[in-house]
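Undergrad: Single-letter residue listing:
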Amino acid sequence: MAVAALFLLLVGVSCSPQATLEATPQQAGPLPLLTATAQGAAPLKATPEPQPAIPEQRLLTLEWPARVRKGDAEIIRLSLEIDESGQLTPTAWVDGNQVLVEPVQIPNLYETHRIVAESRLDIAGLDYTPMGEISEALLPGKPVTFLWSIRPEAVGKYRGTVWLHLRFIPLDGSAETRSVLSAQLIEIEAVNFLGLGGNAARLLGGVGTVLGSMLSLDSVLSWLWKLVRGRKPRARQGKR
Amino acid sequence: MNRRKLRLVIGIVILFISLALLVWGLWPMAPEVRIVPVSPTEMQLPLPGSFLLGWSGVI
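For the protein sequence lines, the chains are A and B, in the order given.
Each residue of the first sequence is one higher than the last, beginning at 1 in the working numbering.
Each residue of the second sequence is one higher than the last, beginning at 1001 in the working numbering.
Pulled out of the complex, with its shape left as it was, chain B reads as follows:
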């Protein structure tokens, strides 16, 4: 009887741990989503001389 009870307890413990591993291994991971609006002004041609405005250099 004791052997049977021991086998039952061990079996239940193994079953619970295994089920926990299985659930963790199969649970879908929810992705993060980020949505950023992009306006036409952000998709303009870069100005060729914009970085030269106000430039002063010493030679």
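Just chain A, same shape as in the assembly:
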């Protein structure tokens, strides 16, 4: 009995953390704080060379319908066009005088990478197509355009985001990178008239116009005819 108790005591002591720490004395004490600049290593610093860039001034144009009739289809258009009036040379206006900054030689990204523009529309509650991402190659001097067709099935306000990414695929086969170029918030309101959507309003309006014309213009036309006929005999009498 005493031997069993002594055995159990020895097992308990051997499993305790204290015993573990004692077995590896070099791990005792708090762990050191590691930083990016370790002792003796050179600190990280930004490269002074300019990053390769697309040497074009572009304009991002987003067109979307602020109001849409319920049930009608509309178009959202996003395009990345060349800005003909844009200046690649950085300029500054100081006290009304134009100051030209010396242009910096920036490596042309088109020479080292294949660039793909990717766009996506995120808007909840609205039917739209195409869903997911649309990709189009970005070529020098050429615009890219993305189109979505939307159709609201219910009245209300819909808020969404139009994303535009650029994917840089190196021509030497190394890993590609992707960055967000723009994220534009949009708001679309779906409306109706007297509870009717676009198609129903047009159909009912057309039918009602014909019916109303038949009911009312019939009387109006006969009244006009009587007026014209009534004047003619009087005119004849006046000439005599």
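None of these hints come from the bench; they were simulated from the model.
Remember, predicted model here, so these are calculated numbers, not experimental data.
Beta carbons: idealized from backbone N, C-alpha and C, even for Gly.
There's no promise every hint is true.
From the structure, some residues in chain B lie toward chain A, with a derived Cβ separation under 8 Å [claimed, not checked]: (1) Leu1021; (2) Leu1022; (3) Glu1042.
Partial list, computed: chain B residues near chain A (C-beta under 10 Å) [as the list claims (entries may be wrong)]: (4) Ile1012; (5) Ile1014; (6) Met1029; (7) Pro1037; (8) Leu1045.
Quick list of simulated restraints, FRET-style, between CB atoms [stated by the list, open to error]: (9) B:Pro1046 to A:Glu133: 47 to 57 Å; (10) B:Leu1019 to A:Arg151: 20 to 30 Å; (11) B:Pro1037 to A:Asp172: 29 to 39 Å; (12) A:Glu136 to B:Ala1030: 22 to 32 Å; (13) B:Met1029 to A:Glu81: 18 to 28 Å; (14) A:Thr177 to B:Pro1037: 22 to 32 Å; (15) A:Asp122 to B:Arg1004: 15 to 25 Å; (16) B:Arg1007 to A:Thr61: 52 to 62 Å; (17) A:Asn199 to B:Thr1041: 20 to 30 Å; (18) B:Ile1017 to A:Glu136: 22 to 32 Å; (19) B:Ala1030 to A:Val228: 41 to 51 Å; (20) B:Thr1041 to A:Ile75: 29 to 39 Å; (21) A:Arg77 to B:Trp1027: 50 to 60 Å; (22) A:Asn199 to B:Val1013: 46 to 56 Å.
The hints should help you fit chain B onto chain A, whose structure is shown.
TA: Below, chain B without anything else, positioned relative to chain A:
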């Protein structure tokens, strides 16, 4: 005469409401346009280590 007048009034009312529906249904909805200039500096390669500058971690 009353019947004729009633028919005329009803016809005119239907005509006006229908024309209003037709105009609303066919009126073009003006789109919103937003133009944002994009400079070459915004179309640069993202720096691979830019998010690591000044990072400190505890292990």
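Undergrad: Report the numbers of all earlier hints that the structure fails to satisfy, in ascending order.
TA: 9, 15, 17, 18, 21 and 22
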